[in-house]
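Q: The lines below spell out each chain.
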Amino acid sequence: MIGNLGKSLAAAALLSFAGTGAMAQDSIKMGALATLEGAFTVLGEDSMRGVKLALEEFGYSAGGKKIELITGSSDASPDSAIRATRKLVEQDGVQILVGPLSGSEGLAVKDYAKTQPDVTFLNGSSAAQDTTLRSPADNFFRFSTEGAQWMAGLGEYVYNDKGYRSVAVLAEDYSFPYTQVFGFLEPFCRLGGSAPVDARFWVPIGNKDYSSVIAALPDDVDAIYVALGGADAVNFLTQYEQAGGELPLIGGSITVDQTVLGSKGRTRDFIIGTPSAGPVSDTWDDPRWNKFVAAYKKQFPDGFPSPSLFAHAYYINTKAALLALNEVNGDLSDGGKKYREALSSLEFETPTGKVHLDERRQAVADIFLTEVIEGPDGNLVNKTVKVIPQVNQTLGVSYDKFLEYGQVGRENPPCN
Amino acid sequence: MRSFVERHTFWAIVIFLAAAVFLWMIFAVWPDWLISAIGRKKTFVNTFFNGVTLGGLYFLVASGFTLVFGLMRNVNLAHGSMYLLGAYIGYEVAEASGSWFFGLLVAFLAIAVSGILLQVLIFRRMEGDDLRQTLVTIGISIIAADLMLAIWTGTTYQFQPPEWLFGATQLPIISVVKSSGAAVYIKYPIYRLAVLVAAVAVGIGLWLFLNRTRIGMMIRAGVNDRQMLAASGVNVQLVFALVFAIGAGLAGFAGVVGGTALSIAPGEDIRYLLASLIVVIVGGLGSVTGAAIGALLVGLAEQFGLAYFPTYGVVLTFLIMVVVLAVRPQGIMGGR
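Chains A and B, in that order, are what the protein sequence lines are.
Following the numbering used here, the numbering of the first sequence begins with 557 at its first residue and continues without gaps.
Following the numbering used here, the numbering of the second sequence begins with 244 at its first residue and continues without gaps.
Bound conformation, chain A alone:
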């Protein structure tokens, strides 16, 4: 009985091996991982649109091979991302993986990547700093920019042009908002602004009820810097308006993104004029961007009025994966070594300008300084105030000098 079972198991294993062997001839398995559960569900859905947009553009084939897409879902927690990644890599056998979406997930997947040297990992939209800054993985590539880069120019802008001198901070309590807060406060505080540590509020992801945090926000600051995402941001904005909040806001990259501005319900007039910065700007008048928006709208009529930064980041990373596949003619037989060399030296035009990688495989790209306005058909969109060209991860200073700023966290920079 047991012998029989063993035989049939062996036969099944052989069969499945034969199966993958035959497949490897003419198709390549690509995994896509995003948050299709939890507080960031909407963000994950738009990410998948970005992946499909890029694949559609290449007709689901690259380097002469068919691309087979396998999707995975996490809930923004690192362990769920690892579970989904392991499933994609170890069970489905993907050779290229695009993802994950959220900051701490990215840190976890980067560490996992070190244990799978033959699989090539491309970031989704995760934007924590240390994914590529400290002890990066050789096979993890990030063609999208990260949280601190996204804030380029915002600190200077609100200090000089808006005249804000002191801000309170409200953000989710994990690596991506730490990175964003750092990226915003670093220039803001260097200019002389203040954001005392006891006026920084860190809430868990998925928090619904912000009324008590709102009550605890100080009145004697010029503005509130808010770095919340998805449902969390929608909840905060509504409750802040309901509570009669009057302070102006400064938005993190995903706080006044289309995933929030495009949500169903009350239009939030009071956030018109909120400055922010990030890798995309809804109204950027450039043929490359307009073409991207048109393709997005055509393929996904039920998507957002304008692609979110998540669709954008996943699109860019997927496109990079496909372009490099073209370059090596779809040859991954050496465990992807040649393929990764091609990725490292890849430089291409994205809907938001040129992108290339630094020596730690982190993207250098343009960043947009934006302000929320009401669009022509009543939708809220981000207007381009300024484009900051080719922002690198160390924000202009040398790598060693940048490391001296210390790891991002709740109290970095101290800024009193």
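No false leads were slipped in.
Below, in silico cross-link-like pairs of lysine to aspartate or glutamate (EDC-like), each with a Cα-Cα straight-line distance of 20 Å or less:
#: 1; chain 1: A; residue 1: Lys622; chain 2: A; residue 2: Glu883
#: 2; chain 1: A; residue 1: Lys853; chain 2: A; residue 2: Asp842
#: 3; chain 1: A; residue 1: Lys820; chain 2: B; residue 2: Glu335
#: 4; chain 1: A; residue 1: Lys608; chain 2: A; residue 2: Glu593
#: 5; chain 1: A; residue 1: Lys893; chain 2: A; residue 2: Asp667
#: 6; chain 1: A; residue 1: Lys820; chain 2: B; residue 2: Glu406
#: 7; chain 1: A; residue 1: Lys670; chain 2: A; residue 2: Asp890
#: 8; chain 1: A; residue 1: Lys643; chain 2: A; residue 2: Asp667
#: 9; chain 1: A; residue 1: Lys939; chain 2: A; residue 2: Asp842
#: 10; chain 1: A; residue 1: Lys910; chain 2: A; residue 2: Asp841
#: 11; chain 1: A; residue 1: Lys893; chain 2: A; residue 2: Asp914
#: 12; chain 1: A; residue 1: Lys643; chain 2: A; residue 2: Glu593
#: 13; chain 1: A; residue 1: Lys853; chain 2: A; residue 2: Glu612
#: 14; chain 1: A; residue 1: Lys847; chain 2: A; residue 2: Glu613
#: 15; chain 1: A; residue 1: Lys621; chain 2: A; residue 2: Asp648
#: 16; chain 1: B; residue 1: Lys285; chain 2: A; residue 2: Asp778
#: 17; chain 1: A; residue 1: Lys910; chain 2: A; residue 2: Asp922
#: 18; chain 1: B; residue 1: Lys430; chain 2: A; residue 2: Glu802
#: 19; chain 1: A; residue 1: Lys820; chain 2: B; residue 2: Glu338
#: 20; chain 1: A; residue 1: Lys942; chain 2: A; residue 2: Glu930
#: 21; chain 1: B; residue 1: Lys285; chain 2: A; residue 2: Glu797
#: 22; chain 1: A; residue 1: Lys854; chain 2: A; residue 2: Asp933
#: 23; chain 1: A; residue 1: Lys621; chain 2: A; residue 2: Asp890
#: 24; chain 1: B; residue 1: Lys285; chain 2: A; residue 2: Asp754
#: 25; chain 1: B; residue 1: Lys285; chain 2: A; residue 2: Asp775
#: 26; chain 1: B; residue 1: Lys285; chain 2: A; residue 2: Asp776
#: 27; chain 1: A; residue 1: Lys622; chain 2: A; residue 2: Glu612
#: 28; chain 1: A; residue 1: Lys894; chain 2: A; residue 2: Glu915
#: 29; chain 1: B; residue 1: Lys430; chain 2: A; residue 2: Asp776
#: 30; chain 1: B; residue 1: Lys430; chain 2: A; residue 2: Asp775
#: 31; chain 1: A; residue 1: Lys585; chain 2: A; residue 2: Asp648
#: 32; chain 1: B; residue 1: Lys421; chain 2: A; residue 2: Asp775
#: 33; chain 1: B; residue 1: Lys285; chain 2: A; residue 2: Glu802
#: 34; chain 1: A; residue 1: Lys820; chain 2: A; residue 2: Glu930
#: 35; chain 1: A; residue 1: Lys622; chain 2: A; residue 2: Asp648
#: 36; chain 1: A; residue 1: Lys893; chain 2: A; residue 2: Glu915
#: 37; chain 1: A; residue 1: Lys957; chain 2: A; residue 2: Asp914
#: 38; chain 1: B; residue 1: Lys421; chain 2: A; residue 2: Asp776
#: 39; chain 1: B; residue 1: Lys421; chain 2: A; residue 2: Glu802
#: 40; chain 1: B; residue 1: Lys430; chain 2: A; residue 2: Glu797
Since the hints were made in silico from the structure, they are not lab data.
Knowing the structure of chain A, use the given hints to seat chain B on it.
A: This is chain B only, laid out in the frame that chain A set:
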């Protein structure tokens, strides 16, 4: 009341003093030493009101849960799904008809009907088999969550409450007196006060229904002894269906009320199921009064945690549960 004072004079004095200090903290203008010790009065008073109104919301959800358990010994783990389904149905109806109140009514009725269907079609088939019923409800909640995700996607929805319920109002409580002598009053969202009023109204309504009507009498008799009630000629199945309808309907009602106060998104079902479970474990399974006390405690703990130590606030709720389970495992108002 008098007998309590006579029997426990010491505790009566302690409770009286605590209440007096508390009232003073709410109404008096805080001296500087107090502000430097625990922060501004505005934070404290707002957090207190937030806790009470959130407790009201939890009570709306948990009262139905505890009612169903009390009578049928059925731990309905699909209760959270009913909350979320009610919210979505209410949203669709309110959008289509333009009336928030109509959405509220339809959500209540639709979920009440779904509760009856669940009871008649599923739970009656496995009566007396508690474990099976519980496992089936878990299955239903998982399937329902995916179906709702397929229909309404992962987008966050928000209701548009009637204009007069939106915005903030001034409470007759002074926050600080400015140096110019002008008093600054505390502002509070009107809608959250309305949630509290609704919760209190539902609580009183349930109490009257259970204690002052014939059907309520039957329900209470059923809680004490089902067999005896059936033997005395009452159609127990009808009573069961009615209680399930009320319990489920309240979840749907709470869905719209809660979805307006906060928002509706996938995952809310689990959140409210968890909240209801903690509330009834703290308050005592099957007791409506217990649900009220439990909801108040959990709501206050959550809000004070969030305002005063946000990073570790979540622990506070579970701490309450641990203490109750250690000291009084049957819950604060739990009988058996």
